[in-house]
Amino acid sequence: MRSPTPKRHHKAARLLLVAAALLVTGGLYAVVAPATSVAAPTPEETVARGQELFAVSCASCHGLNGEGAGLLNETAPSLIGVGAASVDFQMRTGRMPMANPYAQAPNKQNTFTAEEIAAISLYVASLGDGPAIPDPGQYDPSGLSAAEVAVGGDLFRTNCSACHNFQGSGGALPNGRVAPPLLDAEPIDIHEAMRTGPGEMPVFADGAIPDKDVRSMIAYLDQVHAQPSAGLTLGGLGPVSEGFWGWVAGLGILMLFATWITKKAARK
Amino acid sequence: MSLDTSHDHSHVNAPDHPVPDPGLHEEERYTDADERAGARAYRQVVGILAAIPVLAIAFVVAYFAIPIDATLHIFGATMKANHLLLGLTLGLGVLAIGVALIHWSRTIMGDEEVVEYRHSAASPADSREEAAEKWAIGVEQSGIGRRKLLGTGLAGGVGIMLVPAVVLLADMGPWPTAEERKKTIEKTIWAPGVPIVNDVNQVPLRASDIAVGQLINAQPATLFELHGAEFQTEKAKSSLIVVRMELNSIRIPTSRQDWHVDGILAYSKICTHVGCPISLWEQQTHHLLCPCHQSTFDLGNSGVVVFGPAARSLPQLPITTDAQGYLIARSDFTVPVGPSYFERNSENDFKEGDD
Chain Y
1 MRSPTPKRHH KAARLLLVAA ALLVTGGLYA VVAPATSVAA PTPEETVARG QELFAVSCAS
61 CHGLNGEGAG LLNETAPSLI GVGAASVDFQ MRTGRMPMAN PYAQAPNKQN TFTAEEIAAI
121 SLYVASLGDG PAIPDPGQYD PSGLSAAEVA VGGDLFRTNC SACHNFQGSG GALPNGRVAP
181 PLLDAEPIDI HEAMRTGPGE MPVFADGAIP DKDVRSMIAY LDQVHAQPSA GLTLGGLGPV
241 SEGFWGWVAG LGILMLFATW ITKKAARK
Chain U
269 MSLDTSHDHS HVNAPDHPVP DPGLHEEERY TDADERAGAR AYRQVVGILA AIPVLAIAFV
329 VAYFAIPIDA TLHIFGATMK ANHLLLGLTL GLGVLAIGVA LIHWSRTIMG DEEVVEYRHS
389 AASPADSREE AAEKWAIGVE QSGIGRRKLL GTGLAGGVGI MLVPAVVLLA DMGPWPTAEE
449 RKKTIEKTIW APGVPIVNDV NQVPLRASDI AVGQLINAQP ATLFELHGAE FQTEKAKSSL
509 IVVRMELNSI RIPTSRQDWH VDGILAYSKI CTHVGCPISL WEQQTHHLLC PCHQSTFDLG
569 NSGVVVFGPA ARSLPQLPIT TDAQGYLIAR SDFTVPVGPS YFERNSENDF KEGDD
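Order-wise, the sequence lines are chains Y and U.
Going by the working numbering, the first sequence opens with residue 1, and the numbers climb by one from there.
Going by the working numbering, the second sequence opens with residue 269, and the numbers climb by one from there.
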């Protein structure tokens with residue numbers, strides 16, 4: 001018997017049927033099949049991986065268990081209780097592992113992958129409680145009102161400008177150490193540095209400066225750095241660099257003019 | 269003064285003159301000797317002068333045509349195009365005026381050298397005699413010689429006008445007697461029980477939330493009830509830095525055993541040298557460095573001076589916690605904070621080796 005509605009089968013019906021069959025089969029398989037080795041490692045596995053990496057890249061100074069050690073005149077501090085944020089900051093900015101026993105670890109090109117740093121961070125965090133790696137919500141400076149940014153400026157000038165200069169251009173410290181410029185620092189770097197106090201920098205913890213104020217301070221820095229200057233800033237370092245150029249270049253040019261003015265014109 | 273262009277100055281050359289008179293050297297200027305060089309200098313001066321209106325017009329054009337927020341990228345820096353061009357055109361214009369005038373005077377203006385002799389600055393004797401006579405006549409006609417009280421009255425009347433001027437100096441502030449100093453520069457608003465709060469955001473500080481190595485720029489909670497000049501005056505004295513250090517890495521003298529809370533110590537933020545606010549603290553060395561003159565204080569050793577021009581230890585504030593565990597002051601500072609002054613008694617300041 002002929003179908004009373006022969007046109008019910010669309011041209012694409014066969015294709016759609018195959019696609020649906022594949023989807024159902026694949027979906028069922030995905031539900032039923034056992035987890036494979038591609039799945040994310042468990043925290044225990046990450047910590048173990050972190051410990052392996054730590055033994056290779058960090059343990060020669062900080063000790064096999066992160067207990068710290070004395071090295072010639074310097075001391076590699078204990079990492080027990082420094083927290084994941086400290087490891088993340090030091091390694092992501094290339095400060096650690098240190099290439100040389102400098103007065104302080106300078107930032108340089110980081111050669112570790114994000115996964116490796118995460119694994120070492122998790123391992124060090126497992127040694128003792130410390131500041132965790134912050135979420136974007138804790139440091140993202142976007143969406144703040146002008147009043148909040150102004151408070152951030154007040155807090156920055158009160159707490160940070162003594163070392164890092166009013167607009168974050170950095171400054172000198174005793175014994176060859178420096179407070180680095182913050183011009184290229186990422187918001188997460190500033191948050192982690194405040195919470196962990198790398199090197200000689202003090203800790204600026206949540207108990208006095210909550211996350212919302214850290215965001216305001218980062219927003220202030222962003223705003224200051226986005227401001228165009230009216231001329232050469234000479235590094236924005238204040239009286240030292242300005243004085244240097246004023247005395248050497250400015251006074252030098254004036255002296256050349258004075259010599260030219262008083263010198264007799266060319267004679268035969 | 270007279271100008272001597274005769275070049276005859278043998279009369280000033282005393283025989284015992286240590287340096288021989290160099291005289292004047294008649295050498296013709298290049299631009300005078302060579303007509304083409306003279307024409308060239310003329311063109312140069314006129315050319316520089318002609319650049320001035322160009323720069324002035326460029327200034328006006330830049331002023332109106334360039335939006336105030338337009339930026340330029342030069343030498344890797346972002347600059348405001350408007351400000352930069354206004355400064356450049358105006359600066360070069362003024363420079364061009366100066367350069368053109370000097371070039372003109374050096375190459376084109378008269379090249380004649382002259383000698384100016386110095387003469388006594390006093391007027392001739394007859395002029396002085398005449399002036400003295402006129403003065404005597406004036407005194408005679410004023411009547412002051414016969415009616416003596418005129419002179420006395422004038423001197424007294426004008427002299428007494430000094431008194432109001434001197435009295436106005438009292439506006440400079442109270443007389444700094446010992447009693448007055450006790451109420452002003454030797455006292456801050458720190459008092460027993462005053463809560464210690466973070467500066468700016470006024471967050472109260474719970475001792476258990478403060479980490480080792482932490483630095484807090486703090487103020488008394490009562491400061492924020494004040495306004496205007498009073499606020500500034502008190503802030504200048506009460507500013508505090510609170511730090512926490514490992515107890516086994518610092519030295520707490522016997523006399524200050526109850527001034528800290530588990531290694532949390534509070535010091536005045538005002539340098540004892542000339543009063544700059546200090547908060548440049550190194551958490552590993554415990555040294556606090558003043559950015560003005562590099563005075564360095566050891567906060568792990570009662571704030572003694574380890575380097576620089578400061579002569580006295582940084583005053584420490586005795587602190588404790590309230591029932592909820594928040595930091596509060598136990599008293600005011602025990603010694604005046606800030607820089608020295610003549611009458612300051614420095615016997616009570618902490619000295620290295622005190623216990």
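Hints are computed from structural coordinates only; laboratory data are not their basis.
All of these numbers come straight from a predicted model, not from anything done at the bench.
Don't take every hint at face value.
[Said to hold, decoys possible] Example chain Y residues on the side facing chain U (calculated, C-beta under 7 Å, incomplete):
#: 1; residue: HIS10
#: 2; residue: LEU127
#: 3; residue: GLY128
#: 4; residue: ASP154
#: 5; residue: ASN159
#: 6; residue: GLY197
#: 7; residue: GLY207
#: 8; residue: LYS212
#: 9; residue: ASP213
#: 10; residue: PRO228
#: 11; residue: SER229
[Said to hold, decoys possible] These stretches of chain U come out as covered by chain Y in the derived footprint (C-beta under 8 Å, 3 or more residues):
#: 12; segment: 317 to 323
#: 13; segment: 432 to 442
#: 14; segment: 546 to 555
#: 15; segment: 591 to 600
[Unchecked claim] Cβ-Cβ distance ranges computed for the label pairs, FRET-style:
#: 16; chain 1: U; residue 1: CYS560; chain 2: Y; residue 2: THR111; range: 54 to 64 Å
#: 17; chain 1: Y; residue 1: LYS108; chain 2: U; residue 2: THR346; range: 18 to 28 Å
#: 18; chain 1: Y; residue 1: GLY238; chain 2: U; residue 2: VAL434; range: 34 to 44 Å
#: 19; chain 1: Y; residue 1: ASN110; chain 2: U; residue 2: PHE499; range: 40 to 50 Å
#: 20; chain 1: Y; residue 1: THR111; chain 2: U; residue 2: GLY461; range: 53 to 63 Å
#: 21; chain 1: Y; residue 1: PRO97; chain 2: U; residue 2: GLY461; range: 41 to 51 Å
From the three backbone atoms N, C-alpha and C, an ideal C-beta is built for every residue, glycine too.
> In ascending order, which of the hints set out earlier in this document are inconsistent with the structure?
Replying inline: Hints 1, 2, 3, 8, 12, 13, 15 and 16 contradicted; others consistent.
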